[in-house]
Each structure stands twice: as C-alpha cells, then as structure tokens.
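**Student:** Sequence:
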Amino acid sequence: AEVEAAIKCGGLAEIKTSRIKVILNTLVEERGAPCMEYLRDMSDDDVKSELSRFKGVGPKTIACVLVFCLRRAEFPVDAHVWKIAMALGWVPKSASRDAAYEHLNRRVPDACKLDLHVLLVEHGKAYKNDVGWLRSAVREQLESGGTRWLESLETAGGVKAIADSHFRAKSLSGGVC
Numbered sequence: 001a002e003v004e005a006a007i008k009c010g011g012l013a014e015i016k017t018s019r020i021k022v023i024l025n026t027l028v029e030e031r032g033a034p035c036m037e038y039l040r041d042m043s044d045d046d047v048k049s050e051l052s053r054f055k056g057v058g059p060k061t062i063a064c065v066l067v068f069c070l071r072r073a074e075f076p077v078d079a080h081v082w083k084i085a086m087a088l089g090w091v092p093k094s095a096s097r098d099a100a101y102e103h104l105n106r107r108v109p110d111a112c113k114l115d116l117h118v119l120l121v122e123h124g125k126a127y128k129n130d131v132g133w134l135r136s137a138v139r140e141q142l143e144s145g146g147t148r149w150l151e152s153l154e155t156a157g158g159v160k161a162i163a164d165s166h167f168r169a170k171s172l173s174g175g176v177c
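First residue of the sequence shown? That's 1 in full-length UniProt numbering, and the numbers climb one at a time after it.
Calculated from the structure, these hints are not laboratory results.
Please note that a few of the clues may not be correct.
[Unchecked claim] Below, simulated DSSO-like cross-link-like pairs (lysine-lysine); rule was C-alpha separation at most 30 Å, straight line:
(1) K128 - K93
(2) K16 - K48
(3) K128 - K8
(4) K48 - K21
(5) K60 - K125
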C-alpha cells in the first residue's frame with residue numbers, strides 16, 4: 001500500500017506496484033537483496049539488457065534509470081518529449097515513442113541530454129505541450145544561421161540559450177547545458 005500511494009501520481013499505480021514487487025522478489029532470490037547497485041558496474045548495453053528482462057520495464061524506464069540513477073548520457077522520451085518532438089518535426093511523423101527515443105538518443109549531444117529532457121518535460125507539464133514558444137526558438141536559431149535546429153544542439157550553449165531566453169530558467173539539473 002505504501003509503494004502504491006507513493007507512485008499513484010504517475011498513473012497505473014496498482015499495476016506498477018505489482019511489477020515492482022516482482023522485480024524486488026527476483027532481486028532477493030538472485031542476489032540476496034532488493035538492490036540494483038550492481039548496475040553501476042555494467043555497460044549501458046548490459047544495463048539495458050538486464051532491465052529489459054523485467055515485465056513492464058521498457059525503453060523509457062531504462063533510459064530514466066540510466067540518466068537519473070546512473071548519471072549516464074541517455075535521452076528518455078516520455079509522452080511530453082514525444083509530443084513536443086513530433087510537433088517540432090524532430091522525429092519522423094510516423095515515429096512511435098520507442099522509435100523517437102532511438103532517433104533522438106542518437107542525435108541529442110550527450111552533454112545536453114539530461115537538461116533538454118528535463119526542460120521539455122517541464123514545458124510539457126506547464127504548457128500542455130504547446131510548442132508555440134519552441135517554434136519561435138527554432139525560428140530564431142534558423143534565422144541566426146543554423147541550418148537545422150538539432151544540429152545547433154551540437155554546441156552545449158544552444159539549449160542553455162533557449163532555456164534562458166524562452167523558459168526563463170536556470171539550468172534545471174545543474175548540468176553543462
């Protein structure tokens with residue numbers, strides 16, 4: 001009941017609680033403790049393989065573990081990021097969320113992944129995924145000489161400049177962007 005109450009705001013709490021319990025029981029059976037610290041010593045590919053064996057753990061959850069828990073360069077694509085990326089044309093129009101993750105994770109520079117993810121999620125929550133100001137930011141980037149906005153992200157300052165001027169936010173996670 002405690003776990004379910006803690007994750008209720010994320011939706012599907014009953015299902016997620018059941019899956020979390022199965023994962024914890026599996027860890028106790030296999031490793032003697034309900035702990036995933038062993039992931040820190042694994043490569044990103046090995047972490048992905050390890051976590052994907054658990055029912056209900058997909059690319060977004062794995063990417064979140066990699067970026068938020070293990071501090072690895074990964075770009076999770078949740079509903080907000082996906083909708084905004086689609087609206088801005090950053091991914092093919094027919095891209096599923098998983099395909100968008102693959103597409104963006106290869107293209108967003110490692111140094112910007114955490115900050116850009118947090119910025120897009122916060123924007124999606126605050127503005128219900130309205131991309132009006134983001135379109136303006138893209139237009140400004142293009143008018144200032146960039147050929148494609150995602151290419152302009154190759155310099156870490158690109159995201160910071162947009163965050164500072166359009167979102168009026170300091171770097172949301174203290175990262176380099």
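**Student:** Each hint: holds or not?
**Tutor:** For each hint, the structure was consulted:
no.	hint	verdict
1	K128 - K93	20 Å, holds
2	K16 - K48	19 Å, holds
3	K128 - K8	20 Å, holds
4	K48 - K21	20 Å, holds
5	K60 - K125	17 Å, holds
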